[in-house]
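Trainee: Next come the chains, spelled out residue by residue.
Number of protein chains: 4
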Amino acid sequence: MRVVSRFLLAVTVLAFVAGNGYAQDGGMKKWSKGKGWGWVWGPQDEVGNLNEMTDASRLAALKLVTQGKVYDLGLPYDRYSYKWPGHSPGEIMSFRSPAGVRSQKDLPFTTPEGGNTGITAWHSNAIFMNDNVATQIDGLGHITHGPKNEFYNGFTSDEWGGDFGVRKADVTTIPPIVARGVLVDVAGFKNVEALPSSYEITVADIEGALKAQNVDVTPGTVVLLRTGTARYWGENGRDHAKIGQHDSAGIGLTAAKWLVEEKGALMLGSDTSGLEYGPPKPADSQAVGGSFIPVHVYLLVQQGVHILEFNNLEQLAADRVYEFAYILTTNAIRGTVAGTTLRPLALR
Amino acid sequence: MRVVSRFLLAVTVLAFVAGNGYAQDGGMKKWSKGKGWGWVWGPQDEVGNLNEMTDASRLAALKLVTQGKVYDLGLPYDRYSYKWPGHSPGEIMSFRSPAGVRSQKDLPFTTPEGGNTGITAWHSNAIFMNDNVATQIDGLGHITHGPKNEFYNGFTSDEWGGDFGVRKADVTTIPPIVARGVLVDVAGFKNVEALPSSYEITVADIEGALKAQNVDVTPGTVVLLRTGTARYWGENGRDHAKIGQHDSAGIGLTAAKWLVEEKGALMLGSDTSGLEYGPPKPADSQAVGGSFIPVHVYLLVQQGVHILEFNNLEQLAADRVYEFAYILTTNAIRGTVAGTTLRPLALR
Amino acid sequence: MRVVSRFLLAVTVLAFVAGNGYAQDGGMKKWSKGKGWGWVWGPQDEVGNLNEMTDASRLAALKLVTQGKVYDLGLPYDRYSYKWPGHSPGEIMSFRSPAGVRSQKDLPFTTPEGGNTGITAWHSNAIFMNDNVATQIDGLGHITHGPKNEFYNGFTSDEWGGDFGVRKADVTTIPPIVARGVLVDVAGFKNVEALPSSYEITVADIEGALKAQNVDVTPGTVVLLRTGTARYWGENGRDHAKIGQHDSAGIGLTAAKWLVEEKGALMLGSDTSGLEYGPPKPADSQAVGGSFIPVHVYLLVQQGVHILEFNNLEQLAADRVYEFAYILTTNAIRGTVAGTTLRPLALR
Amino acid sequence: MRVVSRFLLAVTVLAFVAGNGYAQDGGMKKWSKGKGWGWVWGPQDEVGNLNEMTDASRLAALKLVTQGKVYDLGLPYDRYSYKWPGHSPGEIMSFRSPAGVRSQKDLPFTTPEGGNTGITAWHSNAIFMNDNVATQIDGLGHITHGPKNEFYNGFTSDEWGGDFGVRKADVTTIPPIVARGVLVDVAGFKNVEALPSSYEITVADIEGALKAQNVDVTPGTVVLLRTGTARYWGENGRDHAKIGQHDSAGIGLTAAKWLVEEKGALMLGSDTSGLEYGPPKPADSQAVGGSFIPVHVYLLVQQGVHILEFNNLEQLAADRVYEFAYILTTNAIRGTVAGTTLRPLALR
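Protein chains in written order, with our numbering: chain A, 5 to 352; chain B, 5 to 352; chain C, 5 to 352; chain D, 5 to 352.
If you are wondering where the hints come from, they were derived from the structure by calculation, not from laboratory data.
Hints should not be assumed to be uniformly reliable.
Any copy, or any two copies together, can satisfy a pair, since identical chains are not distinguished.
Said to hold, decoys possible - The list that follows gives simulated cross-link-like pairs (lysine-lysine, DSS-like), each with its CA atoms no further than 25 angstroms apart: (1) K34 - K67; (2) K33 - K73; (3) K34 - K73; (4) K194 - K67.
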């Protein structure tokens with residue numbers, strides 16, 4: 005109750021500060037209750053609803069930090085980590101090493117004769133990996149839909165794809181994210197270790213959990229839904245069988261729409277590889293004309309709402325931290341479509 | 005004057021809150037004026053002086069944010085970007101694409117017959133890159149020194165290296181960094197676009213710049229020294245000649261020691277690939293027994309102080325933002341020795 | 005004179021043996037003087053004019069071997085090697101090594117406790133490279149032409165490309181090549197170390213060299229044209245400036261057509277990265293409707309004739325070996341469009 | 005009988021031609037019956053017993069070709085292919101493609117305005133793979149043994165390894181192989197589809213098969229032992245379970261020693277990933293002081309005899325081709341320890 009009130013105050017301030025002629029709901033610039041966002045930010049926009057973030061909204065989010073405590077929501081990645089099988093495998097390879105440099109003898113400045121009498125050396129690594137592994141944020145260039153392969157805002161793969169990734173809405177266009185975050189501990193609310201395979205999280209589940217947690221989703225909030233899957237990640241996500249058993253639980257279109265259109269969620273995330281339950285039921289698939297990932301289509305393509313994946317929510321749940329400042333920055337790699345191997349922060 | 009006072013107040017609070025029996029200088033747990041840190045955190049420690057961060061210090065740093073304004077200090081990376089030639093090259097390769105998936109015909113669920121009548125598809129990328137490119141933080145496992153190839157805290161490459169990176173002090177052990185940051189605009193103070201090749205930044209330069217900026221380095225501060233090199237980065241760091249011309253400017257051992265031992269800097273960083281000027285003069289090289297990167301040896305191996313590289317300080321300088329909350333999280337890739345392609349934030 | 009006679013005899017035998025109802029020129033199945041080949045091998049063919057090879061032709065080629073002497077025509081490749089800048093860079097990375105395995109401690113069977121008391125270990129490498137580096141054979145799926153992106157035999161990139169290379173006419177469809185080979189030492193004939201930049205080898209050059217060498221191109225012959233460029237390759241092709249200076253010399257459309265249509269050459273190759281001189285003169289470019297590599301379009305797309313690149317012809321020239329059995333097998337990597345880092349053999 | 009006689013004649017000629025003062029067995033330069041080879045080629049040698057090949061031996065091998073028929077012994081490789089799990093995974097990635105180049109718009113010469121009115125484009129691929137996949141030849145730098153990590157001829161990993169592979173006895177030092185080859189169809193002799201898991205091929209098995217095939221191993225012969233495993237490879241070795249079930253069958257030390265020391269085999273190969281049965285019985289392991297791959301230690305390190313792996317012997321067996329000319333060239337990639345994704349030829 006207390007924290008909600010405090011945040012509503014902040015939002016009021018925000019609405020005042022950001023006042024820019026738009027008569028929008030909940031202090032947002034472009035969000036409409038019952039409609040959400042969509043392609044409302046102009047024909048050149050690559051940012052989507054993250055445009056809602058302002059100095060005032062960031063300041064309000066940071067005001068939620070009263071203890072200085074930080075939670076690292078990133079899951080560590082290595083060659084053994086669970087990932088969607090369609091992605092490329094990953095290797096971290098010692099590229100230069102003290103023993104290797106000494107044996108290789110290719111760099112004069114590393115030798116005693118070259119002045120390196122103190123024997124300085126270094127480790128560095130070559131990384132081969134996918135832009136969709138471990139803790140991720142899906143960018144608005146990730147998913148396309150329809151015969152023209154359109155992604156967010158009508159950009160097409162033909163025009164804006166290429167050999168080296170996408171040239172519109174790649175991750176370098178995702179602004180730093182500083183926003184209010186809310187944990188929805190669905191697994192905790194259902195009193196299970198982790199939700200079962202393909203379980204569809206309902207609106208009632210979310211409302212029930214929020215009520216039990218005494219916290220609400222207000223417009224502009226990052227919503228993180230806990231299935232419990234990340235509890236099986238361990239050191240490096242090596243137990244593919246166990247993780248895979250729960251990784252297919254998540255929200256469907258009904259909950260996604262409710263969160264975006266009725267509650268104004270800024271981003272939706274969870275502790276699985278794909279946020280949405282799968283495979284989709286026929287109604288969900290057909291709602292976007294037939295798709296294997298209708299929630300992705302709805303959020304990324306139609307609404308311009310980013311998706312957060314494999315956020316480690318275990319410690320937040322254990323500590324019953326339900327409201328926090330959520331801070332996330334992506335890799336600055338041009339062309340990539342998702343922030344990958346990230347470490348989002350929850351600060352309180 | 006104003007900002008310094010405010011921060012000193014915060015530091016006082018911090019010292020009080022963190023009071024833990026150590027009689028240390030400047031509210032720090034283990035820092036000694038005239039000595040800095042070193043291997044003082046116990047034989048198993050992999051964190052170094054970032055152990056100084058506490059709830060109180062993070063809270064104090066966040067209190068510096070009064071406007072909610074965010075600066076992205078990351079430099080975008082792609083196949084053309086400038087890097088130290090000893091590192092592996094980088095490629096971002098479209099791994100799956102709408103056109104490629106359709107031509108490849110290897111996934112039944114992507115076909116109309118498989119239910120995908122709405123034609124959903126996706127872009128993803130395979131990344132081949134080095135763990136030391138674009139905006140970085142050097143981890144304590146990066147540099148080794150001496151005949152036993154020791155890195156920080158006496159861990160040796162023999163014992164803790166391997167085929168897949170390092171197994172002590174890799175980047176997954178670097179905690180989220182939330183700390184007070186200070187910009188030292190050396191190029192601005194010297195009234196040049198960028199410092200010349202191999203220029204050694206002196207203590208006088210730093211003191212002069214700090215005085216002109218009316219800000220000070222207090223114990224626990226992240227210090228970012230601006231050479232001006234990042235102004236030539238542009239879209240992707242493609243102008244190797246221009247960047248290379250200034251990239252060798254930086255601090256030497258004298259300034260590094262002064263910042264760590266006299267001022268208690270938590271981390272040292274700049275807008276170049278290596279922080280320190282190079283090649284080192286004989287005195288600097290010999291001070292660590294003969295080395296091509298004595299400042300790296302001093303900071304990473306001997307002091308347990310992390311190094312920040314290629315932080316984009318241009319907008320901070322242009323806006324005369326000299327004090328801020330610095331927030332940085334690394335990639336969560338086991339074995340890697342440096343956070344790579346990062347986007348640190350300066351918040352004020 | 006002697007060798008020519010011997011080969012003509014072989015060809016006669018071949019024509020007799022291969023006699024199969026086609027009334028074709030020079031003992032070939034489908035070649036027509038003045039026309040060459042083209043898409044003459046049926047709508048599903050992925051092999052092109054290498055279909056001309058038969059047991060008899062291979063046997064005839066092997067009969068040229070009278071001494072058992074072997075020439076390795078491959079140029080060694082590593083991270084420093086010259087390549088066309090549009091291709092991906094290459095790294096050979098120690099993936100597992102005795103020191104790395106011992107440090108990594110991830111494989112119980114490598115430890116003394118696991119029975120490895122004799123301390124067996126191994127080196128292996130991860131390779132990141134392009135399918136168009138060092139000594140190559142361009143496959144018929146390499147080049148496309150026209151608005152439909154057609155390659156040989158009308159296969160289109162839309163239908164037969166994909167995320168993982170090409171699915172028609174990839175290198176796995178290239179049969180083992182065992183054929184008569186002829187060296188045309190153009191640089192030797194012109195009495196230069198290497199042909200100058202962009203030099204177009206003329207029909208007169210080739211006829212002159214063949215005459216001086218007392219050897220002829222008969223139908224079914226692999227023709228290797230020496231520019232002298234490979235003499236600058238050395239250990240690993242590291243002198244990019246020197247190699248690049250001569251690498252643009254080669255044949256144009258006139259010589260290519262003469263060799264294929266008048267002489268029945270089975271394949272055309274040289275000691276450069278691209279066989280043809282470049283950039284093309286307007287007449288050559290316009291002959292295929294406007295192209296930056298008209299000889300590639302002509303040979304690979306229109307004629308179904310493979311191209312050999314960066315064959316090391318230096319020792320053959322030094323030893324004045326002008327006729328030989330040419331043996332080449334490609335990598336067996338599905339999807340790749342060129343045999344790469346190969347070692348063709350010339351046997352005599 | 006006939007073929008044996010013919011080859012013995014050839015060997016006699018060879019012995020005469022190669023006569024060089026050594027009084028060695030079977031026409032070999034350095035082989036001793038009951039002892040084999042070993043480190044007998046001088047302290048700088050990186051070639052091992054492939055030094056036995058001469059113009060005369062190559063010529064004799066090629067004389068076995070009487071029909072001009074060629075067998076491709078390579079197994080095609082892609083991202084799905086079976087491999088030893090300790091090796092790095094493989095990806096073939098479309099690096100440049102007609103659609104990608106057009107979308108990427110980074111190369112002026114590919115545009116109509118740049119002269120490319122005929123719309124020429126190309127496919128190329130980036131390859132990430134291991135140097136030990138699909139059809140291979142193990143180089144003499146692959147395996148090390150003992151506390152000093154010695155490989156063939158006493159070269160040590162410390163001295164001759166490094167970050168970029170090995171610098172002694174890498175694959176570029178393997179000469180082109182042209183030699184007499186003999187198939188030993190053990191699976192056929194035992195009348196099974198494929199040998200069972202961990203089956204140790206005995207000397208009696210080999211002698212029985214050779215007798216049934218009416219062919220013998222003479223000094224200088226490449227010996228290929230068929231377990232039948234390759235019959236399950238199919239298009240790309242995707243059925244890991246089935247392949248893995250038979251892949252552990254092979255020879256032990258007894259058969260290896262007999263073939264090398266009593267018969268003078270030039271190389272030993274099979275149609276599995278590792279030639280030898282596994283895991284080794286205690287006696288075999290202890291014979292080299294305790295090892296998980298004693299046959300590799302014996303052949304590569306102690307004898308200087310190369311190993312051939314995953315040679316596809318199915319068609320040879322089906323056609324009952326037991327004696328042939330074996331021709332193999334490796335990739336020319338410096339530092340790599342095994343020829344990989346090769347296509348050896350059997351010619352008859």
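Trainee: Does each hint fit the structure? Answer for all of them.
Mentor: Structure-based check of all given hints:
Within a single copy, K34 and K67 get their C-alpha atoms as close as 24 angstroms, which meets the 25 angstroms cut-off; across copies the closest is 30 angstroms, which misses it. For the homomeric pair K33 and K73, the shortest alpha-carbon distance between copies (18 angstroms) is at most 25 angstroms, but the shortest distance inside one copy (31 angstroms) is not. In this assembly of identical chains, K34 and K73 lie within 25 angstroms of each other by CA distance solely across copies; the values are 21 angstroms between and 33 angstroms within a copy. Taking identical chains as interchangeable, the C-alpha atoms of K194 and K67 are never at most 25 angstroms apart, the minima being 31 angstroms within one chain and 38 angstroms between chains.
Of the numbered hints listed earlier, the single one contradicted by the structure is hint 4.
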